[in-house]
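So you can see what is in the structure, the chains are spelled out below.
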Amino acid sequence: MIAAFEWHIFWDRIVHPDHVFAQALWRTVYIAVLAQIFGVALGLVSALMRMSRFRVLRILGGMYVLIIRGTPVIVQIFFIYFGANLFLGFDLFPRTVGLGPVSLSGAVVAGIVALSINEGAYMSEIIRAGIDSVDRGQMEAARSLGMPHGLGMRRIVLPQAARVIVPPLGNEFNNMLKTTSLLAFIGVYELFLDADVHYSSTFKPSEYFAAVAFWYLMLTVIWSVIQAWIEGRLAASERGDQLSFWERVREAWAPVPGRLWGRAAR
Amino acid sequence: MSAVQPIVRADEVVKRFGRLEVLSGVSLDVDPGETVCVIGPSGSGKTTFIRCINHLEKIDGGRIEVNGHLIGYREQNGKLVEDSESNIARQRCEIGMVFQRFNLFPHMTALENIIEAPVRVRKAEKARAVADAEALLDRVGLADKRDTYPGKLSGGQQQRVAIARALAMKPALMLFDEPTSALDPETIGEVLEVMKELAREGMTMMVVTHEMGFAREAADRVVMMDAGRIIEEGTPEHFFTSPDNERTQQFLSKIL
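Taken in order, these protein sequences are the chains called A and B. Letter by letter, the first sequence follows residues 129 to 394 of the numbering used here. Letter by letter, the second sequence follows residues 710 to 965 of the numbering used here.
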């Protein structure tokens, strides 16, 4: 017999989130934000390495992308959290990590590191495509004005590449918000583990997992609004068809978004 | 012969793309204040040649000096070694370049395009750079387009901003790589007018062009290139009335 869906449990999780839940939600958000920021930084470094004049850097950057994109993110998370202990005999991440006034659990730090490294490989591809999309003449013009390569990259090429990078970057962050759920497997108390704990004590999987799905949906919806705003700001200085803010929001929510950048499940 | 030191001294410049030799020993001196037009059929190497002068292209033989300084290379035990990037960048500050496709920075207004290099490279004071840029915009007739983005400017207007941008670095030499080839016919005139004015004011200029009217009117000297060599050079009068070389005659009869 199939158990009836107990709506009051579902609504209770949504309307009356408890303190522990709020902390789990906050943890999901900051892990995703930090991992995305570090991921973009790593992606930028490895994209520049892969476009370098030096063969060694190109190979290193290429290997990084190849290995990370070629292995499951859950394996990477386990490797980073447990790997040092297995191979080196000590914990890379102690139980708590103090960073100035804040202290994080070792699992959270390991999770952020793992997700950043994973994200960096995907961002590397996106950033490289963005840089490639900028007309060669732009760097030539910068150089002809006496700008060294680095300055031309920073002031001329990257700002133009950003316009191409931001839409797929938004998709990456949407993905990141949900991928954080995998950190439940190394004991990070985030949204999914919170739902899992409640399920274990009540044996009401549908209600708790439906509620947590709702919260992930909330996060991604809020993000799509923020993303539309950012894209609107970026387009403001560009010529061509300028979509209004709400047109962008609608586009982001369309059932079949006309997006070039999609990605299969990792 | 003259006592003045030439601004540009190119000596037996050789350039290859893979196995294809695009420049087979090109030598040319340009004196201060001189306007030299480089003409020739497509594929003759004229664009490559002026791109070598600010080291946007490496060279495989010969040497190029601008203002007495070896460009792109330094001498080490009698051999030429490519110079460091920062040295090359410093040398390029003295050499303005205007491109066929303008290459304005689309994320910056006309004014921002012009002050970018003076502020970031020359470390000029911002207020000073803005005042200079406004004067330059006025000079190319675009004072009212100060805060306009390149995407909202016509081709001719973009090219005039590009000229102002190059001039903002106060170069000793201006290179023009087919500056009117990508323009609508009705906007070519306004760009050529700015260039003629610049030539009259005594700027040293090398202009790769198909605009024979401009060459005739503004050039002090015309240089004809074919198959990676300079095959003829002389005053515009000489060139357009009695060219010696048979290839020049053929080329001019086609283009005029």
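The set of hints was computed from the structure by calculation and includes no laboratory data. Note that the Cβ used here is the ideal one computed from N, Cα and C, for glycine as well. Hints may contain errors.
Interface residues of chain B toward chain A, partial, derived using beta-carbon atoms under 8 Å [to be verified]:
#, residue
1, 714
2, 715
3, 765
4, 794
5, 808
Computed far set for chain B versus chain A, every beta-carbon distance over 12 Å [as the list claims (entries may be wrong)]:
#, residue
6, 713
7, 718
8, 783
9, 801
10, 803
11, 812
12, 825
13, 850
14, 853
15, 880
16, 886
17, 893
18, 925
19, 953
Each hint, compared with the structure:
Annotation: residue 714 (chain B) was flagged as interfacial toward chain A, and the flag is violated, the nearest CB pair being 22 Å apart, outside 8 Å. Interface restraint check: residue 715 (chain B) against chain A, minimum CB-CB distance 21 Å, threshold 8 Å, status violated. Because the smallest distance between the Cβ of residue 765 (chain B) and any Cβ of chain A comes to about 6 Å, under 8 Å, the interface hint for this residue holds. Evaluation of the residue 794 (chain B) hint against chain A yields a held restraint, the C-beta minimum of about 5 Å falling below 8 Å.
Checking residue 808 (chain B) against chain A by beta carbon gives a least distance of about 6 Å; that is within 8 Å, so the hint holds. Even its closest Cβ contact with chain A, about 25 Å, leaves residue 713 (chain B) beyond 12 Å, as expected for a residue assigned away from the interface. A cut-off of 12 Å between C-beta atoms confirms that residue 718 (chain B) is not in contact with chain A; the least separation is 20 Å. At roughly 17 Å from the closest C-beta of chain A, the C-beta of residue 783 (chain B) stays outside 12 Å, upholding its exclusion from the interface.
At the 12 Å boundary, the C-beta of residue 801 (chain B) falls inside the reach of chain A, the nearest C-beta of that chain being 5 Å off. The non-interface label for residue 803 (chain B) is inconsistent with chain A: the shortest C-beta to C-beta separation is roughly 8 Å, within 12 Å. Distance check for residue 812 (chain B) against chain A: the nearest CB is about 4 Å away, which does not clear 12 Å, and the non-interface claim fails. Look at residue 825 (chain B): its CB is around 7 Å from the nearest CB on chain A, not clear of 12 Å, so calling it non-interface is violated.
Every beta carbon of chain A lies more than 12 Å from that of residue 850 (chain B), the smallest distance being close to 22 Å; the non-interface claim holds. Distance check for residue 853 (chain B) against chain A: the nearest CB is about 18 Å away, which clears 12 Å, and the non-interface claim stands. At roughly 9 Å, the least C-beta separation between residue 880 (chain B) and chain A is not larger than 12 Å, which violates its mark as non-interface. The beta carbon of residue 886 (chain B) is not kept farther than 12 Å from every beta carbon of chain A, the shortest such distance being approximately 10 Å.
Residue placement check: residue 893 (chain B) keeps its beta carbon more than 12 Å from all beta carbons of chain A (closest about 17 Å). Every beta carbon of chain A lies more than 12 Å from that of residue 925 (chain B), the smallest distance being close to 28 Å; the non-interface claim holds. For residue 953 (chain B), the non-interface assignment is confirmed: its Cβ lies about 35 Å from the closest Cβ of chain A, beyond the 12 Å cut-off.
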